[in-house]
Structure formats: C-alpha cells, structure tokens
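Number of protein chains: 6
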Amino acid sequence: MSFNHFDEQGQAIMVDVSGKEPTLRTARAQAVVRLRPETLQAILDGRMTKGDVLGVARLAGIAAAKKTPELIPLSHPLAIHHAAVEFATDPETGEIAVTATVRAFERTGVEMEAMVSASVAALTVYDMCKGSDKGITIGQVALLYKEGGKSGVYRREEER
Amino acid sequence: MSFNHFDEQGQAIMVDVSGKEPTLRTARAQAVVRLRPETLQAILDGRMTKGDVLGVARLAGIAAAKKTPELIPLSHPLAIHHAAVEFATDPETGEIAVTATVRAFERTGVEMEAMVSASVAALTVYDMCKGSDKGITIGQVALLYKEGGKSGVYRREEER
Amino acid sequence: MSFNHFDEQGQAIMVDVSGKEPTLRTARAQAVVRLRPETLQAILDGRMTKGDVLGVARLAGIAAAKKTPELIPLSHPLAIHHAAVEFATDPETGEIAVTATVRAFERTGVEMEAMVSASVAALTVYDMCKGSDKGITIGQVALLYKEGGKSGVYRREEER
Amino acid sequence: MSFNHFDEQGQAIMVDVSGKEPTLRTARAQAVVRLRPETLQAILDGRMTKGDVLGVARLAGIAAAKKTPELIPLSHPLAIHHAAVEFATDPETGEIAVTATVRAFERTGVEMEAMVSASVAALTVYDMCKGSDKGITIGQVALLYKEGGKSGVYRREEER
Amino acid sequence: MSFNHFDEQGQAIMVDVSGKEPTLRTARAQAVVRLRPETLQAILDGRMTKGDVLGVARLAGIAAAKKTPELIPLSHPLAIHHAAVEFATDPETGEIAVTATVRAFERTGVEMEAMVSASVAALTVYDMCKGSDKGITIGQVALLYKEGGKSGVYRREEER
Amino acid sequence: MSFNHFDEQGQAIMVDVSGKEPTLRTARAQAVVRLRPETLQAILDGRMTKGDVLGVARLAGIAAAKKTPELIPLSHPLAIHHAAVEFATDPETGEIAVTATVRAFERTGVEMEAMVSASVAALTVYDMCKGSDKGITIGQVALLYKEGGKSGVYRREEER
Numbered sequence: 001m002s003f004n005h006f007d008e009q010g011q012a013i014m015v016d017v018s019g020k021e022p023t024l025r026t027a028r029a030q031a032v033v034r035l036r037p038e039t040l041q042a043i044l045d046g047r048m049t050k051g052d053v054l055g056v057a058r059l060a061g062i063a064a065a066k067k068t069p070e071l072i073p074l075s076h077p078l079a080i081h082h083a084a085v086e087f088a089t090d091p092e093t094g095e096i097a098v099t100a101t102v103r104a105f106e107r108t109g110v111e112m113e114a115m116v117s118a119s120v121a122a123l124t125v126y127d128m129c130k131g132s133d134k135g136i137t138i139g140q141v142a143l144l145y146k147e148g149g150k151s152g153v154y155r156r157e158e159e160r
Numbered sequence: 001m002s003f004n005h006f007d008e009q010g011q012a013i014m015v016d017v018s019g020k021e022p023t024l025r026t027a028r029a030q031a032v033v034r035l036r037p038e039t040l041q042a043i044l045d046g047r048m049t050k051g052d053v054l055g056v057a058r059l060a061g062i063a064a065a066k067k068t069p070e071l072i073p074l075s076h077p078l079a080i081h082h083a084a085v086e087f088a089t090d091p092e093t094g095e096i097a098v099t100a101t102v103r104a105f106e107r108t109g110v111e112m113e114a115m116v117s118a119s120v121a122a123l124t125v126y127d128m129c130k131g132s133d134k135g136i137t138i139g140q141v142a143l144l145y146k147e148g149g150k151s152g153v154y155r156r157e158e159e160r
Numbered sequence: 001m002s003f004n005h006f007d008e009q010g011q012a013i014m015v016d017v018s019g020k021e022p023t024l025r026t027a028r029a030q031a032v033v034r035l036r037p038e039t040l041q042a043i044l045d046g047r048m049t050k051g052d053v054l055g056v057a058r059l060a061g062i063a064a065a066k067k068t069p070e071l072i073p074l075s076h077p078l079a080i081h082h083a084a085v086e087f088a089t090d091p092e093t094g095e096i097a098v099t100a101t102v103r104a105f106e107r108t109g110v111e112m113e114a115m116v117s118a119s120v121a122a123l124t125v126y127d128m129c130k131g132s133d134k135g136i137t138i139g140q141v142a143l144l145y146k147e148g149g150k151s152g153v154y155r156r157e158e159e160r
Numbered sequence: 001m002s003f004n005h006f007d008e009q010g011q012a013i014m015v016d017v018s019g020k021e022p023t024l025r026t027a028r029a030q031a032v033v034r035l036r037p038e039t040l041q042a043i044l045d046g047r048m049t050k051g052d053v054l055g056v057a058r059l060a061g062i063a064a065a066k067k068t069p070e071l072i073p074l075s076h077p078l079a080i081h082h083a084a085v086e087f088a089t090d091p092e093t094g095e096i097a098v099t100a101t102v103r104a105f106e107r108t109g110v111e112m113e114a115m116v117s118a119s120v121a122a123l124t125v126y127d128m129c130k131g132s133d134k135g136i137t138i139g140q141v142a143l144l145y146k147e148g149g150k151s152g153v154y155r156r157e158e159e160r
Numbered sequence: 001m002s003f004n005h006f007d008e009q010g011q012a013i014m015v016d017v018s019g020k021e022p023t024l025r026t027a028r029a030q031a032v033v034r035l036r037p038e039t040l041q042a043i044l045d046g047r048m049t050k051g052d053v054l055g056v057a058r059l060a061g062i063a064a065a066k067k068t069p070e071l072i073p074l075s076h077p078l079a080i081h082h083a084a085v086e087f088a089t090d091p092e093t094g095e096i097a098v099t100a101t102v103r104a105f106e107r108t109g110v111e112m113e114a115m116v117s118a119s120v121a122a123l124t125v126y127d128m129c130k131g132s133d134k135g136i137t138i139g140q141v142a143l144l145y146k147e148g149g150k151s152g153v154y155r156r157e158e159e160r
Numbered sequence: 001m002s003f004n005h006f007d008e009q010g011q012a013i014m015v016d017v018s019g020k021e022p023t024l025r026t027a028r029a030q031a032v033v034r035l036r037p038e039t040l041q042a043i044l045d046g047r048m049t050k051g052d053v054l055g056v057a058r059l060a061g062i063a064a065a066k067k068t069p070e071l072i073p074l075s076h077p078l079a080i081h082h083a084a085v086e087f088a089t090d091p092e093t094g095e096i097a098v099t100a101t102v103r104a105f106e107r108t109g110v111e112m113e114a115m116v117s118a119s120v121a122a123l124t125v126y127d128m129c130k131g132s133d134k135g136i137t138i139g140q141v142a143l144l145y146k147e148g149g150k151s152g153v154y155r156r157e158e159e160r
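Residue numbers (this note's numbering), protein chains in the order written: chain D, 1 to 160; chain W, 1 to 160; chain E, 1 to 160; chain C, 1 to 160; chain X, 1 to 160; chain A, 1 to 160.
Chain D extracted, bound-state conformation:
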C-alpha cells in the first residue's frame, strides 16, 4: 500500500498533475452534528429571533471550501466553480446532517474541498451552540459521492 502525496523516498510532495487534462469534478461530503433535541429545536424555532445558526454555518462552509489549499498541506490550489451547503435536521435525535457539494473543472478532485466545507460548517454550528450544550459532537464526516477524473464515480454505500 502506498500513499498519496509522497514520492518514492517517502518525502511529502504536491503531486504533479500538470500532465492531466482538466475534467469536470464533483464531490459531496457529509458531517453530522449531534445536539440535544431541545438545542436543535431552538435553532429551528429561532431562525429569525434568536439568530440564524444554520445561515452562518452555511457561509462558513462555503468560505472554507475556498480555503482548502491553505488548510490541507499537500492539496493543490483549485479554482472551484460551485459550492453549496445543505442541512437536514432530525428533531427526534437532535441531529443535523450537513452536506457540502463542490464542483470544479480541474486536473484533480475536489473531495477535500467538500470534506473541509462540511466539517467547518459543522464546527460553526458547534461554536454557536456550545454555550448552551457542551456535549455537542460531530460525527461521521465522510465522502458521499465523487465524480470526474480517471477513477470515475464513487458512491458511499450506506449514506449514514
């Protein structure tokens, strides 16, 4: 087994993708925030009066997709062409499933952009609720789907 991002001597490199043709790349990733059900209810009830927690988290996720090359050391700088963050909430369990979708016409995939975007949106929910609910966790950050490039389509079997 060998790893991305290292050369034959085991030295970290930004892998040379200059010989690849750009293709349309899409990736979708998910992060799940686990809150107490009453915290989630307050988020859903309070959008207008107490503050739009999910609106702030969405913008944080989109901005983070653009910051991926600064965060992930060996990733390539990419000019992404689309980024979106969606939330599905389950009032019973108190869970918020954050899904981030990123697209670019590039020489390398956008999985990390999607993973970073979903993670930072989830961390921002945490930040805004941590005063009321210290036990919040973020779980199951995972790639759901990718498309483009020579490795083709990947679809996670059980999507959470």
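Some hints here could point you the wrong way.
Calculated cross-link-like contacts (lysine-lysine; reagent style DSSO-like; alpha-carbon spacing at most 27 Å) [what the hints assert, rightly or not]:
(1) A/Lys67 to X/Lys20
(2) X/Lys150 to A/Lys50
(3) C/Lys134 to D/Lys20
(4) C/Lys150 to E/Lys67
(5) W/Lys67 to C/Lys67
(6) E/Lys134 to C/Lys20
(7) C/Lys150 to X/Lys150
(8) A/Lys20 to W/Lys20
(9) D/Lys134 to W/Lys20
(10) A/Lys134 to E/Lys20
(11) X/Lys20 to C/Lys67
Note that these hints are calculated values from the structure, not bench results.
Since the structure is predicted, the reported quantities are computational estimates derived from the model, not experimental observations.
Model the placement of chains W, E, C, X and A on the given structure of chain D, informed by the hints.
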C-alpha cells in the same frame, strides 16, 4: 435557550469581550479517524519509507489552530501560546484518535481552536490515505476538556 | 502637514507603538449603499424566501474587520474584542446605511477595522444585487465616532 | 426580482459556473476620496519627502484584488491576469478619483475584484491621512465599465 | 533598462497576461542554509528522536509556494500543479542546500513560487535550530532553472 | 543538542509560552540582494520614472512580517508593534543590503518576523528585476541583532 454570537435582535455579532480580564485558557479536543486496519498498519510501518502521514497531519493541525479566526465567522482573533497534536492508534480497529491541545492567556476560550485543530489534522490523514481507502470516516469530534474563564473546568465524561 | 506611516525620510513604516499603553478603543464607521427602491424592497421582503442579503453582508463585514491588517499595508495587527454591523434602510430612497462598530483593548485605534468592515459589508450587498441593479453605488464611507487613546473622542458632526 | 448567490429556497450558494465557457472579462471601478484641498496638496507635493501615499495605496489596491474571494463570501476564486490602479486628483476640490481595472480569462466576471480594489486603495489613502484630516470620506464607489460574458458591455452613463 | 511590473509612467501594475497562451512552466530554485557542522549532524541523527527538522521545513516550503501571490505584491495568482522541496546536506561544511521545484500550466512563469518556496523552507530550518546555533545564515538564494514561456530555458551556470 | 519546537518524543509542537511574561522584543535581520551594478543603477536612477522598486519591496517586507505565523509552521502568532525595512546600496558591487527591524511586547522573540521580512523584501526586488537580470542572487540572510526575553542581547559580530 439563547445562542452565543447573536444580539437581542438575533443578529450575528462578535460578542464584546473587552470588559473581561484575560485568564489562562486551555482546551483539548478529539477527532477519531476510522481507517481499515491495514491502512493504519501501513501508516505505522511506513513512517520513514512511505511518508510520515501523522507528521504531516500534526503540522496541519497546528497551523489550523492559528487559522481558526479566519474559519469560524464569529470567533475572536486570539494569539495562542501553545498548540500540540497527538495521535493514539488502535491497530485492531484501525482507529486513530487525534487529540489537540491549545492554550492562551486571553479574554475568551480556545475551544474552537482545539476543535478546528483536531478536525483539520484528521482531514489531513484522510487526504493522504484517500487513494487507498475510500471509506475512511472521521467520527466523534468532541471537546474533551476546557479550563479557564468564569465557567470553570469542563471534562467530558466518557472520553471515547 | 505630515502623514502617518512614514518616517522622517518619507519611507513607509509600521509606526512603533510598543511604548504606548493599551487602552480601550472603539470606532464606528458608516457606508451607504444606494440601490433602486424596488431592489431594496425585494431585499426587505425576501429575507426568508429569496435569500438573506443583509445577513450575508453582516458576516462579510465582521470577517473583514479581522482581515484589516492584511488589507491595509501599514496597519498594526490587532486582536479585536468586538465587531458588529447594523443596517438602517430607507425604502423611499433605496438607501441602506451600514454601520460597523469595532472595539479592542489595544495600543492603537480601530478606525481602519471599522472602515474596512462597513466597506466590505456594503460591497457584499452590491455583489448580491448587481445582477438586478447595475447602477448601485456605495457612498459616503466615513468614520462616525472614535474613542480611546490620547487623541480622545471624535464624533462626526453631521452623521449623514 | 431575484438575487445572485441564492438558490430557489433562498439559501446562499456559490453559483455553479462550471458549465460556462471562459471568456475574457474586464471590469473598471471607481472610488472617490474626498480630502481637504490642503491634504491633497501635501500628498502631491510630498511624494518623495513625506512619503508616497498614492504609491502605497496603489499596491494595497492591487493586493486587495487578489484577496476578493476571501472578502466577498459567495464570490468565486479567480486567477486574475491583470490589475492596475490609477489616481486622478483635483486640487480645487481635494478629490482623488481612484480607478481600478481588472482583467481575467474566466467563467465569471471581475466586477467585484475591481470594486474591492478601488475601495481598498481609497481606504488606504484614508489610513495614511487620517491623522491630519479626520473628516475624509470615500464616496461614490461604482462600477464604471464591464465587458465579457453573455451580458455584454456595461458602461456607466455619467462617469462622475 | 526597464523593469517588470511597472507601466510607462513608472506605476506599479500587475502586468496584463490575459493575451498569452498558457504553457507548461517549470522553475527550480535553491537556498543554502549554513549551520555549524554539529547542528547539521544533530538534524541528521535526530530525525526520529529529536524531531524531523527537514520534514517540517519541506512542508513549510510547499505551503509557501501556494502563498506566493500573497507575498510578492505584483505577482499573478497561479494554480500550481506541482511543488517539491529537496535537501542535500554536506556534513563537512554544515550546509543544507534546499531545492524547490514548482510546475504549472499557466500564462506566466513560476520562478517566484520556486524562490519563495526555497527561501521559506530555509527560514524554517533556521527557526527550528536558532536556539542552539545563533549564527546560522541563509545564502545564495538563486534560480537554478526555468522552462516554458517565450523566453525559453534558463539554466544557471554554476549551480553552486 | 536539542531543537526548539519539538517535545521529548521528537514531535513538532508550538512550544507553550503561556507561563512567560511579555517583554519588549526587538530583532533586526538582513538579506543582501546581488544585482549587476547597472541593474542597481537603473533602480536608483529610475525611482520616479521607471517605478519605485525599493518602495514596493519595502511594503512587501512589512506585510510579510505580519504573515510570519502563517509561513513558519511552529511560530507563535504575534501582534507586532513596529516594522521597518531599510535599504543600503553599493553602486560599485551592485549590492542592496535589506535590513528589517521588528518590535513587539510579547512572550516570545520576533527574530523570525525580521528574517521573513528581510527575505521577502529581497525576493520582491528579485521579482521586479528578474526580466533584465536573470543572475540575481540573495545572499547572507542573517539575524543582526536581538534584544528582550531571558536570553538577552545578541549582536552578530561581523555585520557583513
């Protein structure tokens, strides 16, 4: 229930902490990367020859702690005084527990710095192994411990 | 008349403030976005259904306050302790007055942080409405108020 | 009326431009700094001896064009191919008209890059003169011209 | 003799490259760190036990290549496709030759990316050893090689 | 011999300085740019007509001092209180000695800020002259002086 980071009208703000006295703040957070056991074994075996996956992830986590104010929209810029990232690995299950510790003498806590640091270190492990193991997930990102400020010490009961 | 940020030879410097004592500094600045009245009406009507233009602009303004040292070449890096952006709208004229308030306990003032914050919030409104209304302008970016440091309180006489 | 940067549910997104063909895009924007005439005279007289205020502001404007994707939340990251900032001064009125021109071969326009560049150059003039002239304002930030993309050429009628 | 990055009036600009065709560009640059031979020996001996000085410096150099447009005022933002940093050490003299290679398919060269990468990797070695060896210097930062674009191949004659 | 920035296990950390008292720290570093004498002469002659090479480099150096925590992986974020860059030129040899001075009231030294500032100013001179003079090198980047903290004053013996 009300949220941090909003004023009475529900508008997002960076909360005014100028009236608080700086105190010594510590936070420790964890993120767990779940790999196939053989992927983890390759990481552990290959440190010198295939590339130091955990070494790269550690630096990414420390750098990310410094980037927290750029990632989390309503967080305060903080001059952190210490950051460290540690890894505990379980060859049976293929899990890597990433623990990030951050400390600062500041007017506000460093929980987000620790949470971001652990998350980005985990995402970097994902980045370096995703070519061999597409099903890697990151789970249970959680605050383990915090100290300092008027809310005192917090310790997560079951530390995974 | 001499200028801030140059030495006696006329060379740009970051002025030495290490000998000053930190004091509490506040600054408030304004930028006015001039839209067609129907564009402003659509913003006010559409907050929930068409998108929260002012909510996005507010976050952009707060984030920009933190980025001031990267934007204004000779400004000092500051750890700001408070940032808020407010909007007052006039449906008759189609104007949005953006007011940014910044506070820090520092050796130098936070005027530029407030000016940058108000400007970037206004530019973000422009960005989101430019498809419908190409003639939008931003006018009268000005410091409204400052307090702290040895030059004392400044209050702009006619506040627009 | 609908807004850029929101989807049908009114949620903020980075709009998908991956299906568009890159074309040559140009945008020119203006910001006007209003100083006391004697402050402007000191800037013009003092270029070599008191410090090159406009030279510093020009560099700040060019650097800010590159930072646009970090400042404007829903803007696309763009690799700009040209940026220039010019100043026209009116000693009678004390006004400096800052004009920023940006060009790129891209899938989306560069209006925001030009608007941000002109604004930050103007804010930098403010920063360097604020010690002598507290009443400086920045007015009439506006797009003067754009070209490229399917919406074609836009030219502001009265260019101040 | 005229300079890059200025127009005919001597004003700094980001030169317009929008009319150029992208070609494959490669650049290689070097920086030499001069340590006491015993400091170099400790680096080489201690990789596993005292800390991987060169591993940290390599990552810093790769990350810095991505940051070049933020550091060099009039440089163009580039999406680099490859970055690598290598070290050759001479235990006799205590020298570490840092070589950075950068590649991109772009409208302008990547010399600055390579020069910045080699310099920051060298500065990082300095940072990690400065406690033990205050007299460390960095010398002979130079472009070794460039290829691509209309000026063709450049190869430094004596490569140190 | 042991290194800064590693713990007892040889793992990279941001060293804990929270227990240290802030003191006034000053550092001065130098980088020497070696050009052909005619290139230097053109710089000196052409300040107004061909472009102010040294003025651009000075601003790049000051901005880079603020970016040090982003460039040097294990460095602490610092709020610097002063930064200045000076140039001494030798028309005979074609050398420009860049000297950067940085000051802060902090828990840790500002050597890296001064070293980065001098290096980036020198790299910017290179960038602006590389079209005319491909053989330019940067040499002898070194710390000249430091003061503050418990290790006291350091003064490089032969200051080039």
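Outcome of the hint check:
no.	hint	in the structure
1	A/Lys67 to X/Lys20	31 Å, violated
2	X/Lys150 to A/Lys50	24 Å, holds
3	C/Lys134 to D/Lys20	55 Å, violated
4	C/Lys150 to E/Lys67	33 Å, violated
5	W/Lys67 to C/Lys67	16 Å, holds
6	E/Lys134 to C/Lys20	21 Å, holds
7	C/Lys150 to X/Lys150	32 Å, violated
8	A/Lys20 to W/Lys20	21 Å, holds
9	D/Lys134 to W/Lys20	21 Å, holds
10	A/Lys134 to E/Lys20	45 Å, violated
11	X/Lys20 to C/Lys67	23 Å, holds
When each numbered hint is compared with the structure, violations occur for hints 1, 3, 4, 7, 10.
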